[in-house]
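S.K.: Since each chain sits alone in its own frame, please combine them into the complex, following the hints.
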Amino acid sequence: MAAIDINNVHKVYAGGVTAVSDVQLQIADGEFIVLVGPSGCGKSTLLRMVAGLETISEGEVKIGSRVVNETEPADRDIAMVFQNYALYPHMTVYNNLAYGLKNRGTPKAEIEARVAEAARMLEITQFLDRRPKQLSGGQRQRVAMGRAIVRKPAAFLFDEPLSNLDAKLRVSMRGEIKRLQRRLGTTSIYVTHDQLEAMTLADRLVVLNGGRVEQIGAPLEVYHAPASTFVASFIGSPAMNLMQGELHGDRLAIGPAILGLNGFAPISGPVTVGIRAEDLRLARVEEEAMPFRLDYVEELGSQRLVHGSVGDQTLTAAVPAETELVSEMRLAINPRRLHFFAPETGKRIASAAPAAAASVSVAQPVA
Amino acid sequence: MTYTTSPSGAGRLLPWLGGGRRVRSARARETATEMKRVQFSSPVLPYLFLFPQLAVIFVFFYWPSVQAIQSSFYLEDPFGFGSTFVGLSNYADAVFSPEYQSIALFTAVFTALVTLFSLSIGLLLAVKADKVIRGSSAYKTLLISVYAIAAPVAGLIGMMLFDQHIGPFVEMASWFGWNMRVGLSYFDTAFAMIVVAVWKQVPYNFIFFLSGLQNVPMSVREAATIDCRSGFRRFWTVVLPLLAPTAFFLLIINVTYSLFDTFGLIDVMVKDKPANNPITLVYKVYNDGFRGNDIGGSSAQSVILMIVVFALTVIQFRLIERRIHYT
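Going down the list, the sequences are from chains A and X. According to my numbering, the first sequence is numbered sequentially starting from 54. According to my numbering, the second sequence is numbered sequentially starting from 943.
Looking at chain X on its own, in the form it has when it is part of the complex (with noise of 0.2 angstroms):
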């Protein structure tokens, strides 16, 4: 291998040049701009400015995982006069219970299903609305401002459309012959709570399919009509691939949306009724440790879903982001 015409020969270079920078302050900044990478002139500067958000995030986040985890190891007194140390027991009790395993079964369920139909919704109105050309911007306003309602709200909203009283959908299952119970069937509860988070999330899987759909290039959509007939047959061969990242994004938002953030939403529908209604693995969590007061237990189950998230997230980095890009 020689030295000056092989590639590592210039590979070898560039740790040099980087060191020269250091060094030569002057012909540093010339090069730092021509690079366009900014230099500061303390290397403490740059920490200091991300402190704050290292500080927020350590307190809010590292800080209790951390206290989480330890405590998920102890068996807490509920009044607080001490704790003991029960090793994995805390895990064998949660994950060998048989209400924890059908709590399970009803979220993996859950999320699935707002899942599924919270992105096949929001696909289908993008898609639709991407062709609308005379008064879209009213169309999408529209579709768009659902996702400006905070989930208490959309819970609250929620209850009111399955009201037993005044609810228009009670009125219309009715028609059908369907007695709709919601906050006493755990049928028609699980129902009502899986209408309601995916109209709420429909209108963010709506967003980012639309931006998504106005990025596939117009020429690439023209070339497909001239080369395919069936419009039917060129979205699934030309536009949805061109989504594909735009969908596994939003695979994994909704999955994590279900799975945490419909916390409010089943807080307002469930908390005042009687106890057979289908709750998630995060309002478990929460029942546990603030209602019953099993810190040790509740932090078990909290570290199982710290577990879940990690693993989403693993998912995530490796497959989509490194296989799904074209541009």
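Same shape as in the complex, but just chain A (with noise of 0.2 angstroms):
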């Protein structure tokens, strides 16, 4: 068990393009850190360089107090959960536990033990025998997160592990990573692009996009105060509502709608507005609303998602699973739970953050 120092780290391919671009991230010993994004983000990229599978072109990763930039990868002391699970098809699922160990002179007696403990862990006892072409995918993901467990490494790193099962496995799997990682307390760095998987695991967040970290903070934090009109898309579903807006004193126009900011404007003039959409709520006869057009609904059963639009922006809201649909409906919200983003750069404009931060310390505990 260690922390891992990710700094300044930078990765050029051959052909010039930069895959990762001055990544810093230090990672406390026992944390559960989950590298999220787009497709081509990066965070394959990331992981595998602290693996040692890709060369670093600049900064340096060190695992515990070791710099380990030029360490093969197996004296690196990590181990790796692969998408396809990766599992040695001529090896018993006995000897694809054991080969790691073997070859790193562990006596014979410890590697049963080891095994054994690790199969029983895991209910893959009953396996040990079969090859890996004889097993269901759950049962070869079990595996290959066994062979990692065996090893008893400094850290894990899963690489979208879970993303070649079914969603029902899916999310059984995913609660069982969790509970192995709090309970074994080693160090993981987790790569999906799926922002569900993401938040239900991390201790930490870690939401990259275009080779560069977008934010770094903690599920609910990340949630409630995305620092970018690219993380608040990303992460949450249905994704942030994102409408352009100006702002004049107090009051924030939104196409056709005017609302009161009650002291919340952080500036003035143009600004990108970010609503997420259980944030909407009918309003109610006396109060300012946005007049929303209603175009169609999704029914979650327990509540309802109505797609429709202010003006000519398009608007998502969540509301209770009885509401009334009609196809013109008026909507509120706390300014409170306002967010919003310089139109040009994206990024999150501060000064509504004492409210967004309030909240967040109300939720934090929780998590």
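For the record, the hints were derived by calculation from the structure and aren't laboratory data. A few of these clues could be false.
EDC-like cross-link-like pairs, simulated, lysine to aspartate or glutamate; straight-line CA separation at most 20 angstroms [as the list claims (entries may be wrong)]: (1) A:LYS231 / A:ASP247; (2) A:LYS205 / A:GLU165; (3) A:LYS155 / X:GLU1164; (4) X:LYS1073 / A:GLU125; (5) A:LYS231 / A:GLU213; (6) A:LYS231 / A:ASP256; (7) X:LYS1215 / X:ASP1105; (8) A:LYS115 / A:ASP75; (9) A:LYS186 / A:GLU176; (10) X:LYS1213 / X:ASP1203; (11) A:LYS205 / X:GLU1164; (12) X:LYS1073 / A:GLU107.
Note that the structure is predicted; figures quoted are calculated from it, not measured.
M.R.: Below, the structure written as structure tokens:
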């Protein structure tokens, strides 16, 4: 077990393509870090640089107190779980688990004990004599996890380990990974493009876009105070509504709607307004509200997602399932719940933060 | 056993479905497309499609084979004036003659050496070419292109390389004090023959090994780099076992190549040379039959070779195709 320091790491491929640029990340011992972002954002490349499967173009990676830039993957004291499991097809499950230990000269008795323990933990004891091709996807995934566990490494590296599983299995394996990591207390870096997986697993999220870190923070912190429009649209489902508006003194104009902000206006002039779907509600008659034209409805059972438009901008709102649907509705929002972003850079405008930060500090103990 | 829940119950239903398909033709076509199976409107049609292939196999393979087996029991008059039934004496003559035995021994050694070297050199080149990233296609093309050379041409080129007057290999050998006399010395001819045969077969093995290597999933190799520090050990414990199906396929192909397809090469190397040169069993079949006009003896020898091929085929199907399959 060890902390991992990623200092100003860059990855530039031979063709001159920059995959990762200037990533700075300190991972505490035992922490569960999730790297999340769309495909091509450099999250896998970053993980593979920590694993030693990709060279580090610039910067340094430290595992524990050791700089591992030039260290062979086998000597980095890490274990990796791959997306397609990467089990050795010609070996039995037992040998798949034991292979890494055998190559490190672990005594036979200890190998047996460790494999037995990992197999029991993952409930794969009855499959130890089988070959990977005789196992189902979920069982193979467990074997891949077992191969990492038996090594008792300083860190686990997960490269989208659940994306080949069906939806139901994914949810249960997700829980299992979380439980195992808690129990073993091993520092983990987990790569995924699934924001839900990222939210549920992470101690801290690292949102990556175009090879750069957009935001690092606890899941709820990232959810409630996204640092940029990219993070706002990537984290959370449905995605945060981003609308073009204009601030005049204490009033916000979005298309035809004018809303009073009760002193929460950070700047004046054009602004990108972020609104979470669940922060919108049907307005009472006397309230200031946005006129909303309903386009279509998604039924989620517990609630309804209503898709429509305000002026010429689209908007999605989550409303209680029993809400009466009419083609013209009025939606209201607490001004504290509004997010403001600079229209040119997409960066969060900070002065609205106190309100958001307040809600975060309330939410955090729950996590 | 209950009829509806047991697996054999389901099994019993299947033939019934199959029978139903033939009767209800409209439904049958739907089912057939679902199952991706082609149904012919007339039962004769598939056999018509197969006919040209079957005809070729029959005329050029089964018919001569039957004739060979038949004539192996007869002593033929060299001028075609008749034949006498001699039972197994052609076989006995072949198997018990010291000449046949020594040629059989040479064939075995030749086959073993050619197979060993062409497999291992092919594998070595494939492993190295697989690692090259820049300019890899140039290397691969160069290595593969040798395979496009026909056997007699390879034999000719080989002869030139080992020529008494202009051959660079002969000259190289002389640097080490080896007076190489290909075509005169039994050992030297054997050496040249093996070198040329290996050289001719390496590209073939290279192609298969390279594609086999590229079929080893990248992530499995990466998992191995994390699990095992030594690249050599990784190759032996992970990559090579995954290449085993390719390697065993090539083993059979190389054995048949060494036994049979080296004929053209041997012919070019020994046909106009003095007698004491190494030849393989296939070449002896040709020599005895078409030079010596001993049709019966030559047929008996070719039947023996046929049995060898049969045995190899059985080995291939029984042992290899069944046991070595991972994915």
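S.K.: Each hint: holds or not?
M.R.: Comparing the hints with the structure gives:
1. A:LYS231 / A:ASP247: Since the Cα atoms of A:LYS231 and A:ASP247 sit roughly 15 angstroms apart, the hinted pair holds (cutoff 20 angstroms).
2. A:LYS205 / A:GLU165: Given pair A:LYS205, A:GLU165 holds - Cα atoms ~14 angstroms apart, limit 20 angstroms.
3. A:LYS155 / X:GLU1164: The hint holds at about 17 angstroms.
4. X:LYS1073 / A:GLU125: OK: X:LYS1073 and A:GLU125 at ~17 angstroms, within 20 angstroms.
5. A:LYS231 / A:GLU213: holds (14 angstroms)
6. A:LYS231 / A:ASP256: Since the Cα atoms of A:LYS231 and A:ASP256 sit roughly 10 angstroms apart, the hinted pair holds (cutoff 20 angstroms).
7. X:LYS1215 / X:ASP1105: OK: X:LYS1215 and X:ASP1105 at ~13 angstroms, within 20 angstroms.
8. A:LYS115 / A:ASP75: Cα-Cα ~15 angstroms, so holds.
9. A:LYS186 / A:GLU176: At roughly 18 angstroms apart (the allowed maximum being 20 angstroms), A:GLU176 and A:LYS186 satisfy the hint.
10. X:LYS1213 / X:ASP1203: holds (16 angstroms)
11. A:LYS205 / X:GLU1164: Given that 20 angstroms is the threshold and the Cα spacing comes to 19 angstroms, the pair holds.
12. X:LYS1073 / A:GLU107: The hint holds at about 15 angstroms.
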